[in-house]
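Protein chains: 2
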Amino acid sequence: MPKQITLSLDAMGGDRGAEVVVPGADIALVRCPSLRLKLYGDAAIVQPLLDAHPRVAAASELIHCDVSVKMDDKPSQALRQGRWKSSMWRAIDAVKNGEADAAVSAGNTGALMAMAKFCLRTLDGVERPAIAAIWPTLRGESIVLDCGATIGADAQQLVDFAILGGAMARAVIGVDVPSVGLLNVGVEEVKGIEEIRAAGRLLRESRLPSFRYHGFVEGDDVGAGTVDVVVTEGFAGNIALKTAEGTAKQVASFLRSAIGRSWRTRIGYLLAKPAFDALREKLDPRKSNGGVFLGLNGLVIKSHGGTDAEGFASAVELGFDMVRNDLLSKIGQDMAAYRLGEEQAPVAHAVSEPAVEAP
Amino acid sequence: MPKQITLSLDAMGGDRGAEVVVPGADIALVRCPSLRLKLYGDAAIVQPLLDAHPRVAAASELIHCDVSVKMDDKPSQALRQGRWKSSMWRAIDAVKNGEADAAVSAGNTGALMAMAKFCLRTLDGVERPAIAAIWPTLRGESIVLDCGATIGADAQQLVDFAILGGAMARAVIGVDVPSVGLLNVGVEEVKGIEEIRAAGRLLRESRLPSFRYHGFVEGDDVGAGTVDVVVTEGFAGNIALKTAEGTAKQVASFLRSAIGRSWRTRIGYLLAKPAFDALREKLDPRKSNGGVFLGLNGLVIKSHGGTDAEGFASAVELGFDMVRNDLLSKIGQDMAAYRLGEEQAPVAHAVSEPAVEAP
Numbered sequence: 001m002p003k004q005i006t007l008s009l010d011a012m013g014g015d016r017g018a019e020v021v022v023p024g025a026d027i028a029l030v031r032c033p034s035l036r037l038k039l040y041g042d043a044a045i046v047q048p049l050l051d052a053h054p055r056v057a058a059a060s061e062l063i064h065c066d067v068s069v070k071m072d073d074k075p076s077q078a079l080r081q082g083r084w085k086s087s088m089w090r091a092i093d094a095v096k097n098g099e100a101d102a103a104v105s106a107g108n109t110g111a112l113m114a115m116a117k118f119c120l121r122t123l124d125g126v127e128r129p130a131i132a133a134i135w136p137t138l139r140g141e142s143i144v145l146d147c148g149a150t151i152g153a154d155a156q157q158l159v160d161f162a163i164l165g166g167a168m169a170r171a172v173i174g175v176d177v178p179s180v181g182l183l184n185v186g187v188e189e190v191k192g193i194e195e196i197r198a199a200g201r202l203l204r205e206s207r208l209p210s211f212r213y214h215g216f217v218e219g220d221d222v223g224a225g226t227v228d229v230v231v232t233e234g235f236a237g238n239i240a241l242k243t244a245e246g247t248a249k250q251v252a253s254f255l256r257s258a259i260g261r262s263w264r265t266r267i268g269y270l271l272a273k274p275a276f277d278a279l280r281e282k283l284d285p286r287k288s289n290g291g292v293f294l295g296l297n298g299l300v301i302k303s304h305g306g307t308d309a310e311g312f313a314s315a316v317e318l319g320f321d322m323v324r325n326d327l328l329s330k331i332g333q334d335m336a337a338y339r340l341g342e343e344q345a346p347v348a349h350a351v352s353e354p355a356v357e358a359p
Numbered sequence: 001m002p003k004q005i006t007l008s009l010d011a012m013g014g015d016r017g018a019e020v021v022v023p024g025a026d027i028a029l030v031r032c033p034s035l036r037l038k039l040y041g042d043a044a045i046v047q048p049l050l051d052a053h054p055r056v057a058a059a060s061e062l063i064h065c066d067v068s069v070k071m072d073d074k075p076s077q078a079l080r081q082g083r084w085k086s087s088m089w090r091a092i093d094a095v096k097n098g099e100a101d102a103a104v105s106a107g108n109t110g111a112l113m114a115m116a117k118f119c120l121r122t123l124d125g126v127e128r129p130a131i132a133a134i135w136p137t138l139r140g141e142s143i144v145l146d147c148g149a150t151i152g153a154d155a156q157q158l159v160d161f162a163i164l165g166g167a168m169a170r171a172v173i174g175v176d177v178p179s180v181g182l183l184n185v186g187v188e189e190v191k192g193i194e195e196i197r198a199a200g201r202l203l204r205e206s207r208l209p210s211f212r213y214h215g216f217v218e219g220d221d222v223g224a225g226t227v228d229v230v231v232t233e234g235f236a237g238n239i240a241l242k243t244a245e246g247t248a249k250q251v252a253s254f255l256r257s258a259i260g261r262s263w264r265t266r267i268g269y270l271l272a273k274p275a276f277d278a279l280r281e282k283l284d285p286r287k288s289n290g291g292v293f294l295g296l297n298g299l300v301i302k303s304h305g306g307t308d309a310e311g312f313a314s315a316v317e318l319g320f321d322m323v324r325n326d327l328l329s330k331i332g333q334d335m336a337a338y339r340l341g342e343e344q345a346p347v348a349h350a351v352s353e354p355a356v357e358a359p
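Protein chains in written order, with this note's numbering: chain L, 1 to 359; chain Y, 1 to 359.
Rather than coming from a laboratory, the hints here were simulated on the basis of the structure.
A hint or two may mislead.
[To be verified] Label-pair restraints from in silico Cβ distances:
1) Y:ARG261 / L:LYS3: 36 to 46 Å
2) L:GLU194 / Y:GLU342: 44 to 54 Å
3) Y:ARG261 / L:SER253: 19 to 29 Å
4) Y:LYS85 / L:LYS74: 55 to 65 Å
Beta carbons: idealized from backbone N, C-alpha and C, even for Gly.
Modelling step: build the complete structure from the supplied sequences, incorporating the hints.
Put into structure tokens, the structure is as follows:
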């Protein structure tokens with residue numbers, strides 16, 4: 001019998017809160033009927049929605065919480081006011097005390113990360129958690145991290161991200177030995193920021209069996225799917241993710257207005273509609289909804305705050321998949337293998353090479 | 001009579017060198033018949049091409065150069081071997097000594113920037129040059145800088161980029177008072193890297209008449225055209241530019257494969273072809289080919305190394321436009337106005353605010 005999987009949901013998170021969370025859970029339960037849920041939220045709001053969604057009611061337990069974190073709360077404020085008692089905190093805490101296998105929230109990213117770090121703590125040997133996104137590419141899907149958990153990263157932190165992302169690629173996109181690239185402004189070894197070049201040297205020397213280090217990749221390699229895992233620090237990762245989302249929207253909008261110009265193009269559109277529908281499905285941001293917090297002693301998935309029930313369902317199913325595929329133990333094994341390799345053959349500390357700069 | 005405009009072209013730059021440069025110049029001369037050219041390159045290669053393109057021959061002077069910079073030369077190597085004598089250097093030097101109004105090269109970016117800095121020097125009061133790209137948006141075109149001249153930038157350098165980009169927006173995209181935004185990972189004033197927040201405070205306080213400071217923008221604002229000028233440092237700018245190029249290609253490729261799936265969608269495509277042609281034209285990277293080096297005592301345009309004659313013609317025409325619209329004197333005026341404002345009401349040095357971080 002497969003293991004029973006339980007997810008804890010912050011029922012109050014997101015722009016529309018429980019109104020999206022409960023119907024989203026309903027959709028997820030159709031596709032993952034064995035899933036069990038713990039819903040944290042204001043019973044006065046959530047219970048009527050459960051009455052209207054009997055499938056969710058049957059699969060879940062509702063735990064009343066007086067407090068909810070607001071979408072514009074600052075992380076420090078959310079922690080001060082919402083620790084121990086908010087729906088967000090309690091959903092995370094359920095993971096910590098073993099009542100749930102992963103937590104899902106569409107609430108404010110900064111608050112969720114602050115609470116997740118405070119409650120779950122980072123894994124032994126990992127300094128910083130990362131937010132990993134699943135990025136649709138020409139070859140399928142890639143993992144991109146960090147997409148904004150923190151800004152800046154040193155070489156060792158980038159190496160940690162490579163290990164975390166490699167484990168996630170094995171667990172979620174089903175590659176045996178994922179390829180890992182470091183996002184940079186050129187593919188030559190002398191290019192870019194010193195931290196990235198040093199991380200490249202460490203990865204090249206580490207020869208971990210769990211992934212294959214590809215080298216540097218550039219911005220256009222992400223969508224091309226050149227590697228399974230793209231490693232970057234949170235500032236550039238966030239800019240890349242949002243720029244790609246914006247560009248996809250822009251191209252779709254150009255196409256719409258070009259099609260609307262004449263009767264001929266509109267009739268052509270109707271005939272080619274199955275193709276446009278396939279494209280829309282392929283680019284649907286709801287399908288790849290869900291940023292995964294990696295590097296913590298527990299799994300937390302951040303759903304987009306503005307998503308609808310379908311999008312929230314994707315985030316729930318992503319959590320389900322990661323638990324089913326044992327992401328946490330894969331991460332644990334890979335981290336242990338890396339640390340062991342370090343102890344046995346200590347890696348010489350990266351020597352600074354002069355950056356190529358005009359005189 | 002309008003001023004005679006002369007551009008100097010590095011005839012040997014780019015993946016295919018003179019084979020693209022001379023036919024590209026030919027296309028540009030059809031659209032800008034008053035243009036005059038100085039072509040720097042190996043006469044044995046360039047002369048036969050001029051013989052085949054009489055329009056270019058009639059409008060240009062060929063200056064023989066023995067040396068050409070290779071596409072994979074390191075900047076320092078290019079400077080050592082190509083200074084004073086390479087086609088790239090001499091095209092830039094023609095701008096310095098007043099024989100040309102701007103230089104255009106499809107050669108190696110690092111070498112071109114190194115030579116341009118060495119030969120032309122940065123403008124008084126500007127520490128670092130930037131590469132500005134013209135980015136097609138939903139609202140028309142925006143200027144994005146720095147797209148990779150240097151990595152990292154402090155608050156004052158970001159302010160310089162804002163002034164340079166504002167002048168370019170007035171000269172090239174024809175906005176009277178361009179709006180300027182700082183690229184960041186959130187729009188709230190407390191978000192992001194300290195340098196960016198400090199630049200935001202400086203720009204808010206400077207109240208320059210030449211542009212309007214909008215605030216922070218995110219990755220998806222670039223394609224939306226939220227502001228006329230997007231200011232960022234060269235690492236994030238390069239990642240954003242290449243990610244957007246990659247995403248546009250990816251969407252086009254998804255669309256092609258979706259259309260090829262059935263006879264119905266293929267017939268629909270044929271009917272809607274004018275719309276697809278319009279889209280292709282809109283997204284044609286050759287139309288927006290040409291990175292502009294800003295902040296130097298002279299104008300240099302970098303054409304994409306892999307472009308064709310049509311793309312190289314766009315870079316030449318961009319140079320023509322910038323000279324015709326007096327970009328350099330607009331930059332000079334705006335810089336002078338900013339320095340004057342600084343002297344009259346010295347801006348208090350940005351006080352560091354604590355970054356919002358989880359405890």
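Status of the given 55 to 65 Å range, CB of L:LYS74 versus CB of Y:LYS85: 59 Å, holds
44 to 54 Å as the expected CB spacing between Y:GLU342 and L:GLU194, which holds or is violated: 32 Å, violated
Pairwise beta carbon distance, Y:ARG261 to L:SER253, judged against the given window 19 to 29 Å: Holds, since Y:ARG261 and L:SER253 (Cβ atoms, about 24 Å apart) stay within the stated range.
Status of the given 36 to 46 Å range, CB of L:LYS3 versus CB of Y:ARG261: Holds: the Cβ-Cβ distance is about 39 Å, inside 36 to 46 Å.
Checked against the numbered hints given earlier, the structure breaks only hint 2 and satisfies all the rest.
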